[in-house]
Amino acid sequence: MSDSYILYPGCSMESSARAYYDSLKAIAGIIDLRLQEIDDWNCCGATEYLGIKLTPAYALISRNLALAAQQANGTRTVVAPCSACYLNLAKADYYMQEQPVLGQHVNEALAAGGLSYKPGSLDIRHLLDVLVYDIGLDTIKSKVVRPLTGLRVAPYLGCMVPRPDYEHRWSDYEYPVELDLLLNALGAEVIEFPLKTECCGGHMTQISPDTAFELIRRLISAADSHQADIMTTVCPMCQMNLDAYQSETNKKFNTSFRMPIVFFTQLMGLAFGLDAKDLGFGQELVSARNALAKIGIEHPAEAPAGTAKPKKDGSLPMPAPLPPRNMHVVGKDKVAK
Amino acid sequence: MTDKFEPTIIGFTCNWCSYRAADLAGTARIKYPPNVRLVRLMCSGRLDPTFVFKALSSGADGVIITGCHPGECHYLEQNYKALRRFQLMKRTLVGLGLEPGRVKLIWASAAEGAKFASEINTFVEEIRALGPLHWGIPSDALPVSSVALEEVPA
Amino acid sequence: MTQHGETNPKSEERIGVYVCHCGTNIAGVVDVQGVAEWAASQLEHRGVVIGRDYKFMCSSLGQELIEKDIKELGLTRVVVAACSPHLHEATFRTACKNAGLNPYLCELVSIREQVSWVHTDKAMATAKSKAMISGGVERVIRHAPLEPLRVPIHPDTMVVGGGIAGIQSALEIADAGYHVYLVEREPSIGGHMAQFDKTFPTLDCSACILTPKMVQVGTHPNITMLTWSEVEKVDGFVGNFTVTVRKKARKIIEELCTGCGICQEKCPKKVIDDVYEAGLGYRKAVYTPFPQAVPKYPVMDVPNCTYFEKGTCKACEKFCPTNAIDFKQQDEILTLQVGAIVLATGYDLFDARRVTNYGYGRLPNVFTSLEFERLSNAAGPTNGNIVLRDGKTTPKSVGIVHCVGSRDRNFNNYCSVICCMQGLKFAHLVHERTGAIVYNFYIDMRTAYKAYDEFYQRVLEEGTLFVRGKVAEITDVARRPDEDGHLIVQVEDTLASKQRRIPVDMVILSTGLQPRYDAKETAKRFGLSCSADGWFIEKHPKLDPISTMTEGIYIAGCVQGPKDIPSSVAQGAAAAARVLGKIQQREISIEPVRASVNQDQCSGCRICNNLCPYNAISFVEDRAVSQVNAALCQGCGTCVAACPAGAISGTAFSNAQILAQIEGLMMLNLEEPVTA
Amino acid sequence: MQNMEQERASAPPKQIEDLSLLGEVSHRTAGVSRLEMCIQCGTCGGSCPSEADMDHTPRMLFAMLRAGMRHAALMSNTPWICVSCYHCVVRCPQNVHIADVMYTLKGMAIEAKLYQDSTAPDFSQTFVDMVEEYGRSFEFGLATRHYLKHFPLRLPNMAPMGLGMLSKHRMNITPTRIKGIGQLKAILKRAKEVEATS
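Residue numbers (our numbering), protein chains in the order written: chain A, 161 to 497; chain B, 307 to 460; chain C, -15 to 660; chain D, 6 to 203.
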């Protein structure tokens, strides 16, 4: 593991999602993840620019791709920790290949800034993807000194990581297993979270709050009904919506959820034995104190919920689960470096 | 279409797969440029390199050879023999001072009418880019590295 | 190249060129009249004495035109520019023959499939047609009069696959007095139909109509049943196939076994039955898949047998009253001679777990169609009680989802044909047996064919609620109190233009059909090809959906594409008719496309010897030359192409013919278009 | 017969069917939209998490595009309510780029000034203005400008949250500007010119 990656942090990592960036920096050394930030990157436009003008939106995104390709030093992998950034970069790269005229237009624009980008010359990947498939679960597991035993975690990916998944990097669009596997490796008790790729509301908190609050309610309430101690996410926007708008959502629906929402890198840091403070804990608006206390206390693992083993009660057997699409990679070859 | 170079291409098709792919492209009305003229063989294994040289020397700008996918030959495995001959042929072409890209081998099953048409499209463009065939380009001016140097038993 | 050096010798032949309009199919793009006139004038020096265009050359009037010219103008060669030779070569050869001309002196040029249907530029298309005719003329000059080869037909037939299509085929042939080997890889014949409860649209009990046919097969003197067997290898060609069949060891001595069933009763090992019970029920490690199985002999499931696993048990052997258990029995390899083969290997059910948003495999009360068949079947694991996965609760509401895995580019792009009717059948059965509220979720209701739409009407009458919309997801995460404890089917009701969340107790996925998981290998083994979807390709999609490109091999049932029982039966019978037609000819004529060695020119280098996939070329030691055994040669021409001495020639595809055709094709260059 | 035709020709149709609409939307969408392949199955409308707040389901909207109902389609709030969750995109049996079509429709609606509620277009425009000015998003500036204009009444409810974000340093009060802002502006300027002529 010596390759370094080009990092596109995205705007949130420096503001609302500082805990994500802090914890990422904290764990990177431990797992030998070398990241070099794209010099002078710009905003990817989030979900806003695409809805205004096509060519400028793709040019905005592609300035980053062009800079990354310039800076690429033998590596071609760009890592984005933010879902929206990841999708925008991946989308631009993919569509400029699918529709060459888009690539031509974008390059005409880039030329005005003395830049150019050849679509397809970079691999755009999300941080979780790199951690699970490049660093590998075995390596991650080997660095765990304080397993998160007994912590019931709801793994939450949101939309834009597993979908639309242009390059088929994930095990499934709807029920991907990568985050679950990673949390398992940290020793956490991972709940079967049925809404793991449902929407957090995105920018609706800003433009149609009632639409967003309903989506937030669904997620928090489902995590709560699964008795999750904490919910973990891979996306700044999801964290922001579920954390910062939780109290407004409670008010609207007359509920009293107190579900802490943290980044998966923060939990990795905890399992690696790092100080919670250095991992950005305390920045969340719904405090994770109780959840953390639970690991400190070291409860014996709760008995797992009854499995579907056919019993002598005349019930009918269930079909075996289908191995996820990319399971072979999860299993051995790629993970065990 | 005014000043565009219109190459003439001879295509060799296998009676069992690619000729039927051409039929299917027709039935499905999938359009491709009229620059290609097909010769039906029973099998791509029937392709005598002489046919290719004959086509080129008679004025064709390119030759496309089409056969069944590997492992799907109607005569068990004769398309592999076509493949080996094709490799040898490319070497000879270079020796004769021709761009190796003027002769191409593709696989198309009887079900692949659309693929057949799109391969023809691509090839016509490739030959158009190469321009009209002129014999006598010095062989050392051509890239040889792209030619597989596989030995050919027959 | 010297022997072809004399390009364009003045032709002595008298050639007629006929250009077909094919209505507007060709004439709409190609200037057919111009082409015919051009051929008559510009190719006169090549021997063309007449060029005609005609509305439909393949019509009897068109054919008579050719026949008349042959007789009156003394034509010695004929070129027809029309459609693909795969359609009408036989037609025009027959016309020549009728007029006394050797049929092989006719050449077909495909200016429809290769020109008018695929090109739009009229000038270019017309020029290409001329070039192709010129190629055809040059080629036909080198044609030689030939006689078709006659080969005898072995009177035995092999039917592969013992589902309803294969059964029908086997019975038809056997009833006509010829011997059939019926090969089936499962322990019993019957196929998917044996698993069904009722059949649409008449609701006959599936077993009641199928088992009599199975018994007929089992007792038919002309049928050799080879169950628990698989075809390993196919050699030879039409009339004379040699098929290698592996008869897997049942570990049961069939001569001794009475089919009493004691062995399965005593076997202590219970195994989930993934095949017959669709994973919903159990069987023993020694078993007959179902009570009416044909043959009655059980098979031993070696990987699951306690004796083979641990070395002890042998309960079956202890209790068998006739000592029919043989743990040491080995697979048998049979080599069978047959004249024709019918492939009826059927389909697999689409794996519904792939549609993760439907939750099959995750949500217990989501069932596949095959599971539901077993659930509603009186011989199934619940004795026909339609209950939830807990084995006891009767559902109060059931959602039936159409198009699962079908008509979906993420899975299978095609329509599986049977799912709509299957979904309607399920709706009826649920309604009749449970009184539950039934929803059918569909994209388009496809109930074509006899009495099918009437069945739809009946199900409507019964009160089934139809929702037009492809189901988006099935979940157990409730949003409202009334959803608690239910499965929720989330769908856009496209006729109301509103998303709906419908709570139900049970969901049945009307799962689509897909090619057998090993269809590609099977196709390769029999020398056939599969479509992109994996279904076997028929010779002609409309006019010959029974034959394949490989003569003597026929297809029937779902192996060719999704179809229902009546169509499978019809196709099975049609395949049988084809086979019988062949057998009754005793011998058939095949294309005289063969290689032969000119022994004077052969240098004895033996390069060709190893090239022949059929070992048709042998070396004659005393004369030091190679020779081709015409009976084995299939005419691929590889040896012809390889002979360094040019001593091997291929009938109907000779070097002279092909080189002349190339030259003819190149007479017209697109860069300098010739105007007529 | 002739009368009928004359009548038809003279009477203006109630609603002009703009049959170029579907093609225009498809053409203006990134990638190959496949919009014309829609079979109206409703997978999109069924999958949509925010459908309850939409005027039309996506499927219905596509039917309107096909029917050439330009005004009605561009007035629809549907694209603005789309949360870009991509559920419909991966489930669509025809692989239509639904989410990207929504982006196109937003752009077309802004261009034609056809929308019922300016909240969303304003938010997007404000966001983009900031990005074009600084090269980075500026949440504090965005939030204050946006909320003051569109949700003044919501501010009391929001105050604790905003305060929390600020006190936890999760919101920067001053914007960050990238070094190459000149370069970025040049690129965007050219991009807009290219867009206008293509």
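Honestly, the hints are just simulated from the structure, not real lab data. Bear in mind that the values here come from a model prediction, so they are computed numbers and not experimental data. Take these hints with a grain of salt, some might be off.
[To be verified] Taking CB as the label site, the calculated pair distances span:
(1) 437/B / 575/C: 40 to 46 Å
(2) 311/B / 86/C: 42 to 48 Å
(3) 172/D / 412/A: 55 to 61 Å
(4) 153/D / 174/A: 20 to 26 Å
(5) 393/B / 575/C: 28 to 34 Å
(6) 105/C / 57/D: 31 to 37 Å
(7) 198/D / 105/C: 34 to 40 Å
(8) 437/B / 21/D: 35 to 41 Å
(9) 428/B / 275/C: 38 to 44 Å
(10) 22/D / 393/B: 35 to 41 Å
(11) 438/C / 326/A: 46 to 52 Å
(12) 57/D / 469/C: 51 to 57 Å
(13) 582/C / 393/B: 39 to 45 Å
All C-beta atoms, glycine included, are put in the ideal place defined by N, C-alpha and C.
Structure-based check of all given hints:
For the pair residue 437/B and residue 575/C, the beta carbons lie near 41 Å from each other, so the given range of 40 to 46 Å is met. Checking the proposed 42 to 48 Å range against residue 311/B and residue 86/C shows it holds: the Cβ atoms sit about 43 Å from each other. Restraint check, residue 172/D to residue 412/A: a C-beta distance of roughly 24 Å breaks the suggested window 55 to 61 Å. At roughly 24 Å, the beta-carbon separation of residue 153/D and residue 174/A lies within the given 20 to 26 Å, and the hint holds.
Distance hint check for residue 393/B and residue 575/C: the Cβ-Cβ separation is about 31 Å, which falls inside the suggested range of 28 to 34 Å. Taking the beta carbon of each, residue 105/C and residue 57/D are about 54 Å apart, not inside 31 to 37 Å as hinted. For residue 198/D and residue 105/C, the hinted distance range of 34 to 40 Å is satisfied, since their beta carbons lie about 36 Å from each other. For residue 437/B and residue 21/D, the Cβ-Cβ distance of about 50 Å falls outside the hinted range of 35 to 41 Å, so the restraint is violated.
The hinted window of 38 to 44 Å between residue 428/B and residue 275/C is violated, with their beta carbons roughly 59 Å apart. About 58 Å separates the C-beta atoms of residue 22/D and residue 393/B, a value inconsistent with the hinted range of 35 to 41 Å. Separation of residue 438/C from residue 326/A is about 47 Å and conforms to the stated range, judged on CB atoms against 46 to 52 Å. Our hint of 51 to 57 Å for residue 57/D and residue 469/C is violated, since their Cβ atoms are close to 23 Å apart.
Checked against the given bound of 39 to 45 Å, the beta carbons of residue 582/C and residue 393/B, roughly 29 Å apart, lie outside it.
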